[in-house]
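There are 2 protein chains.
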Amino acid sequence: MLDFDYSISTEVYFGTNKIGRIAKEIKKYGNRILFVYGQGSINKIGLYDEIVKILNDNGIIYEELSGVKPNPRIDSVRKGIEICKQNNLEFILAVGGGSVIDCAKAISAGFYYKGDPWDIFLRKAHVLESLPLGSVLTLAATGSEMNGNSVVSNTDTKQKLVISSDLLRPKFSVLDPNYTLSVPNNQTAAGVVDIFSHIIEQYFSPVKEAFLQDRMAEGILKTCIKYGPIALKEPENYEARANLLWAGSLALNGLLSYGKIGDWATHYIEHEVSAIYDVTHGVGLAILTPHWMEYVLNDSTAYKFKEYSRNVWGVEVSNPIMVSKEGINKTKEFFNSLGMPSTLQEIGVEEGSLKEMAKKAATFGELGSFQKLNKDDILSILKNAF
Amino acid sequence: MLDFDYSISTEVYFGTNKIGRIAKEIKKYGNRILFVYGQGSINKIGLYDEIVKILNDNGIIYEELSGVKPNPRIDSVRKGIEICKQNNLEFILAVGGGSVIDCAKAISAGFYYKGDPWDIFLRKAHVLESLPLGSVLTLAATGSEMNGNSVVSNTDTKQKLVISSDLLRPKFSVLDPNYTLSVPNNQTAAGVVDIFSHIIEQYFSPVKEAFLQDRMAEGILKTCIKYGPIALKEPENYEARANLLWAGSLALNGLLSYGKIGDWATHYIEHEVSAIYDVTHGVGLAILTPHWMEYVLNDSTAYKFKEYSRNVWGVEVSNPIMVSKEGINKTKEFFNSLGMPSTLQEIGVEEGSLKEMAKKAATFGELGSFQKLNKDDILSILKNAF
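Order-wise, the sequence lines are chains P and H.
Note that the first sequence ends on residue 386 in the working numbering; no numbers are left out.
Note that the second sequence ends on residue 386 in the working numbering; no numbers are left out.
Rather than coming from a laboratory, the hints here were simulated on the basis of the structure.
Heads up, a few of these hints could be off.
Copies of the same chain are indistinguishable here, so a pair counts whether it falls within one copy or spans any two.
[To be verified] Under the rule of at most 25 Å between Cα atoms (straight-line distance), these lysine-lysine pairs were calculated in the PhoX-like manner:
1) 375 with 171
2) 233 with 85
3) 372 with 332
4) 158 with 226
5) 355 with 114
6) 171 with 24
7) 208 with 18
8) 208 with 171
9) 208 with 372
10) 226 with 24
11) 372 with 360
12) 24 with 304
13) 325 with 18
14) 233 with 208
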């Protein structure tokens, strides 16, 4: 196990009617806030009205930044920072899924920086200070509600980049499974794949002795496998929604990565796909993950696939390559059973753009740690997935 | 899954040479501290000298409270509070195992209370304010390093009672597995049983739908089963020590209990045994846990034992009672393989005292939640374990 510093500071209010807590929590930091949300789903479930009432009843002054899109844009971030500065705002409340929270974090990161916030994503500047933020989550997927990561897209440069800092962890997050009961099936499914993929990225690691972390990872993978299909068949099944919601947070709050090194190659490759084609992150991951698995499976990596196949899927075959392949097939079947497409072609990707994606993915050097991938490896995976 | 408020605020510095971090962390709260430790094991491993040097080099003034015993006494707590008050101390640094940390927490809880600190354990007073504390852990066992629990004994009244408050969570804990390499086998084994038992107490619950928590619990149980025997055979095996150390913290920091109700009957019964006989907590648990299991196993509880037997021990038998019994046997064998005794008699308990223990255990009413136990049930378990 590698050394690590553990700090998961986000307080989580989980369950029915926890929303009332936000006023008290916000007031620890101020009473002038930026209220960030997406494209209207919070109106449909009555959450917008509920929050506005709480803010008004508690004398919290708010400015709104609405219309944040999936794959949130740096333009929204710039706009948010401007509103915060002009109105001397003291806190950001993000209400929505991971994209809304990621946008809020980028505003938080950029607020004290004098230059353009995109500089931080380009590693030209670092997060040294941040505006505090909190979240109310409406989708089980990214884990953004409990971590310090933010992924933002730049449509001008066709880049989708990530920043990460403990300073960007939400101070609190409200996780009420009831808000997720009306999430449409395609988004539920993409969310489950996203959670599953986050775990896989940390599970396949060059660190072999993080036994504890890997057993917990398997537990969260099994939760996705059990409750993903139930949430699709019975969208209003509270237990399925609750287990998935909490699984999403624990999958990427540090619990599975402390003491290990993650791989993350598949995520970086997917970011290049969705930077150009604006596809749903989870959909891209569902297509790419099994192909990454097939590509990196060899005699020296089979030990880990064997562990995965046996402990997660219960596959019992003695040959290590055979058992590994069976686990990969189970993964594919699972994603397909959730209604995910199997090829990049199906989601509108053009073959001619694969080379550019591979090149961009390798901008900062090789990808991955479980198995290092150069530009040619990445192109092969993209071609196999096409 | 039940509603919950998640707040695990302790920062953990895990790994080799993390001790240097304490000066910076302590200074967030002051520079006059109480340095609490036990009966000399920190001298043997050179940790005492190392800490004194760090404190001196950083201008941190300290008073010492030494000689804290396993099953820490309220007398030590009273003494610690007095030293803190007389010297205007601002922070408590606990260096040792769970008993030392529990003692420090009780001092922390009692510091701002005007009456006798035992009142808090008797529920005559509540923890409303606390002196901040941090810990340096030297034994994988109680999980005290990341939670808000404190168990203290009163030799005058022969009581061993627990208090719990988020205000008592350590601000930071240093977990360096190297400090645990020289722990003698009997303590290592008792620590593993303690961790195992904490998980069991949360796993067996009337809440059936905390699937995610239970799969993670199984992961930590498997970690005990794998690394317990390795740590006994190869005490200096870093990976075994690291996995057990982290397992101990995660087993009782809230991760497995948020969203559930714990049982804890076995712990309360064991407290009555060690209140009179001052036995090692883990040893008492090793004897009592399988008997608790056997006693509460019936047609309506077998579903959970079946889950336990299959998922933790890999038992494959179709009859639910048979598979359950097999899991209980595996548990017994595991504890025996760690060198644990099987009966209360072996550790010097007298048959005549069982009635008193049962009566005291039921002072506040029935015990347990997975299965409610009255005084007679408790006596039966104690007799079976005798």
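For residue 233 vs residue 208, is the C-alpha pair at or below 25 Å within one copy, between two copies, both, or neither?
-> between (37 Å within a copy, 21 Å between copies)
Between the shortest in-copy and the shortest cross-copy C-alpha distance, which are at most 25 Å for residue 208 and residue 18: within, between, both, or neither?
-> between (40 Å within a copy, 22 Å between copies)
Within, between, both or neither, where residue 226 and residue 24 count as close if Cα-Cα is 25 Å or less | neither (36 Å within a copy, 45 Å between copies)
At 25 Å max between alpha carbons, let me know whether residue 355 reaches residue 114 within a copy, between copies, both or neither.
-> Cα proximity of residue 355 and residue 114: none, with 36 Å in one copy and 73 Å across.
Can you give me the call for residue 158 and residue 226, within, between, both or neither, at a CA distance of at most 25 Å?
-> neither (37 Å within a copy, 48 Å between copies)
For residue 372 vs residue 332, is the C-alpha pair at or below 25 Å within one copy, between two copies, both, or neither?
-> Answer is within: at 23 Å inside a copy they meet the 25 Å cutoff, but 45 Å across does not.
Is it within a copy, between copies, both, or neither that the alpha carbon of residue 233 lies no farther than 25 Å from that of residue 85?
-> Close neither inside one copy (46 Å) nor across copies (62 Å); limit 25 Å.
How do residue 208 and residue 171 come out at 25 Å by Cα distance, when the copy is not named: within, between, both, or neither?
-> neither (33 Å within a copy, 30 Å between copies)
Using 25 Å as the alpha-carbon threshold, which applies to residue 24 and residue 304: within, between, both, or neither?
-> This pair counts as neither: shortest intra-copy Cα distance 46 Å, inter-copy 40 Å.
How would you label the pair residue 325, residue 18 (within, between, both, or neither) given a Cα cut-off of 25 Å?
-> neither (44 Å within a copy, 41 Å between copies)
Within a copy, between copies, both or neither: where do residue 375 and residue 171 come within 25 Å Cα-Cα?
-> neither (39 Å within a copy, 45 Å between copies)
When no copy is specified for residue 372 and residue 360, does a C-alpha distance of 25 Å or less occur within a copy, between copies, both, or neither?
-> within (16 Å within a copy, 62 Å between copies)
Violated hints for the displayed structure, listed by number in ascending order: 1, 2, 4, 5, 8, 10, 12, 13.
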